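**Student:** What follows is each chain in one-letter form.
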Amino acid sequence: MLKILALHAALTLGGAVPALEVDTILRVSRGSRLDLEVGVQQARIEIRAWDRDEVSVQSAAPVRVSMTGAVVRVGSPQPPARQRTTYEIRVPAWMPLNVNGTMADVTIEGAGGDVSVETVMGTIRITGGDGRVAAKSMQGSVTIEGARGRIEAFSANQGVRISDASGQIQAETLNGSVRLEGIESSDVLATSTNGNIEFDGPIRSDGRYRLTTHNGRVTVGVQEGANATVTVSTYNGRYTSSFPVSITETGPDRRYTFVIGTGSARIEASSFNGNIEFRRPGR
Amino acid sequence: MKGGYGMHEEWTDRLSAYLDGDLPPETRAAVERHLAGCDACAAVLEELREVIALAAELGDLPPGRELWPEIAARVEGSPAGPVRRATVRPIHGGRARFRLPALIAASLVLATVSGGALWRALSRNPGPDAPASAARPATGAVRPAADVGEFGQASAAIAELERVLMESRSRLDSETLRVIDENLAIIDQAIDEVRRALAEDPGSAYLNLHLADTMRRKLQLLRDAGAFTTQTL
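If you read the protein sequences in the order shown, they are chains H and E. Start counting the first sequence at 1; every next residue gets the next number (this note's numbering). Start counting the second sequence at 1; every next residue gets the next number (this note's numbering).
Since the hints were made in silico from the structure, they are not lab data. These numbers come from a predicted model, not from an experiment. Ideal Cβ positions, reconstructed from N, Cα and C, are used throughout, including at glycine. Keep in mind that a hint or two might mislead.
[As the list claims (entries may be wrong)] If you only want the chain H side, here are some residues facing chain E, beta carbon under 7 Å, derived: (1) G146; (2) H214; (3) Y235; (4) R255.
[What the hints assert, rightly or not] Here are a few chain E residues that sit away from chain H, every Cβ distance over 10 Å (derived from the structure): (5) A17; (6) L19; (7) D20; (8) G21; (9) T27; (10) A29; (11) A30; (12) E32; (13) G37; (14) E167; (15) A199.
[Said to hold, decoys possible] Across the chosen pairs, the derived CB separations fall in these ranges: (16) H:D164 <-> E:E46: 49 to 59 Å; (17) H:E224 <-> E:A36: 30 to 40 Å; (18) E:A185 <-> H:P62: 40 to 50 Å; (19) H:R148 <-> E:A36: 31 to 41 Å; (20) H:S205 <-> E:A36: 19 to 29 Å; (21) H:T68 <-> E:R169: 36 to 46 Å; (22) H:S246 <-> E:L19: 26 to 36 Å.
Using the sequences and the hints given, assemble the complete structure.
**Tutor:** This is the structure we're talking about:
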């Protein structure tokens with residue numbers, strides 16, 4: 001407790017405060033952000049929002065905590081601990097979060113600001129986020145739920161799932177599926193090399209939706225009453241629709257186009273080797 | 001949708017000049033009349049505007065992290081030396097003429113410094129056929145990107161990054177290396193399949209764009225791998 005109080009006192013004076021702690025509370029004001037960098041430390045990182053203007057950092061192993069200006073920095077000790085370390089962090093909901101690790105599983109709950117997470121070997125799960133919400137993992141799944149704003153999700157070797165989100169959506173995998181569910185967006189880009197792509201969300205009249213994979217099935221939910229010009233491209237797959245459509249144009253390179261309603265939105269669905277399926281949402 | 005396939009080439013060939021303000025008044029008026037009634041050509045024009053705008057915005061962006069600036073410098077033929085900014089040349093400028101392969105090549109180069117913003121714009125291919133028409137150069141014959149070296153700069157960058165990765169493999173842990181190798185193999189197989197398809201159908205806008213997209217992925221994966229090697233130094 002004495003260490004915590006000392007840190008508080010130093011922060012009040014406005015200085016940079018490096019410390020090696022296992023239990024730290026920092027008082028912060030709006031405009032601050034959290035930078036968490038654990039390097040090659042094997043870690044489980046759990047960040048949860050609360051209604052206090054404080055950052056709480058708890059870890060079973062010593063952790064580096066400092067605050068310079070408006071930036072709270074949390075990092076692993078050097079050299080990193082041999083054992084896997086758990087970081088339990090509480091932050092104000094408004095606080096922008098920036099998390100970087102190599103072998104880190106990251107869970108963020110209740111974020112209300114920008115969120116950026118990058119790990120090499122680890123899963124990422126984000127609930128909330130408002131502004132720019134970005135998550136990238138090489139070998140780990142990425143799940144984003146309830147985010148708003150510009151949402152970017154990438155996983156090289158696992159799946160990406162974005163649900164109940166709104167804003168500009170960009171989801172990408174190399175070897176994994178992309179699932180977009182409950183999406184409210186006029187700008188969706190979902191791509192994969194070796195994975196299925198599934199989109200379920202209202203097609204907005206001014207929207208642009210591009211869903212493309214090399215190996216995999218593309219499934220698009222289109223609600224009744226939607227207005228869209230749909231272009232379908234597949235080289236070795238086939239196209240099906242659970243509702244009647246009328247092909248208006250057939251391109252020379254296995255492209256088909258059909259118009260729904262006024263045709264104002266644009267949907268492009270393509271798979272080199274897979275099938276493309278249009279259906280009503282939720283079916 | 002207004003406009004049908006095969007009817008746009010004479011118009012899309014003029015869009016670049018239209019944007020440049022190079023058309024005589026009567027031709028300009030004719031283009032505008034056509035645009036008013038043709039969704040496909042209007043969409044191509046919109047794409048070209050986006051590409052030009054993005055290229056202008058991206059021209060001054062700093063390069064990506066880690067190894068890319070040095071590699072970009074080497075690819076461009078500069079002697080090895082101080083790291084410098086990656087440059088953007090292909091379509092920036094008011095007198096550019098647009099062909100699909102050139103746009104794709106440009107998108108690949110720009111994607112490496114922009115995080116794919118231009119690629120996003122290019123990938124918003126709205127019309128069923130317009131890009132294929134836009135791809136036709138003045139001589140009339142479609143020039144497939146893969147066959148005419150339009151990907152030269154990107155291919156050189158990929159080759160250089162592959163060399164860097166080969167030399168740096170020992171710095172990566174076995175699991176990371178496995179994931180990278182596995183995904184590179186998947187991408188290479190995809191590229192191979194698309195190239196074979198392009199050999200049969202060289203004018204396909206879909207296949208050209210898909211090849212560009214897949215190569216961009218390989219480029220990005222190799223850049224990520226390069227970043228991992230520097231992290232572990």
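**Student:** For L19 of chain E, is the shortest CB-to-CB distance to chain H above 10 Å, so the non-interface label stands?
**Tutor:** holds (21 Å)
**Student:** Could you check the hint for me, namely that D164 of chain H and E46 of chain E are 49 to 59 Å apart, CB to CB?
**Tutor:** At roughly 31 Å between Cβ atoms, E46 of chain E and D164 of chain H fall outside 49 to 59 Å, so the hint is violated.
**Student:** Was the hint right that R255 of chain H lines chain E, CB cutoff 7 Å?
**Tutor:** Where the cut-off is 7 Å and the nearest Cβ of chain E is about 5 Å from R255 of chain H, the hint holds.
**Student:** Holds or violated: is there a CB of chain E closer than 7 Å to the CB of Y235 of chain H?
**Tutor:** Since chain E brings a Cβ to about 6 Å from Y235 of chain H, closer than 7 Å, the hint holds.
**Student:** Please check whether G146 of chain H passes as an interface residue: C-beta within 7 Å of a C-beta belonging to chain E.
**Tutor:** Given a least distance of 24 Å, the restraint on G146 of chain H is violated.
**Student:** At 10 Å, judged by beta carbons, does T27 of chain E keep clear of chain H as stated?
**Tutor:** The assertion about T27 of chain E holds, with a minimum of 27 Å to chain H.
**Student:** With a cut-off of 7 Å, does the beta carbon of H214 of chain H approach a beta carbon of chain E closely enough for the hint to hold?
**Tutor:** Cβ of H214 of chain H sits 4 Å from chain E, so the hint holds.
**Student:** If we take the beta carbon of E167 of chain E, is the closest beta carbon in chain H still more than 10 Å away?
**Tutor:** holds (20 Å)
**Student:** Classify the label on A17 of chain E as holds or violated, using whether its beta-carbon is more than 10 Å from each beta-carbon of chain H.
**Tutor:** holds (25 Å)
**Student:** Assuming the hint says 40 to 50 Å, is it satisfied by the Cβ distance from A185 of chain E to P62 of chain H or not?
**Tutor:** Cβ of A185 of chain E to Cβ of P62 of chain H: about 41 Å, so the range 40 to 50 Å holds.
**Student:** Measuring Cβ to Cβ, find out whether D20 of chain E lies farther than 10 Å from everything in chain H.
**Tutor:** holds (26 Å)
**Student:** Confirm or reject the claim that T68 of chain H and R169 of chain E have a C-beta distance inside 36 to 46 Å.
**Tutor:** Between T68 of chain H and R169 of chain E, where Cβ atoms are some 37 Å apart, the hint holds.
Going through the hint list in order, the structure does not satisfy hints 1 and 16.
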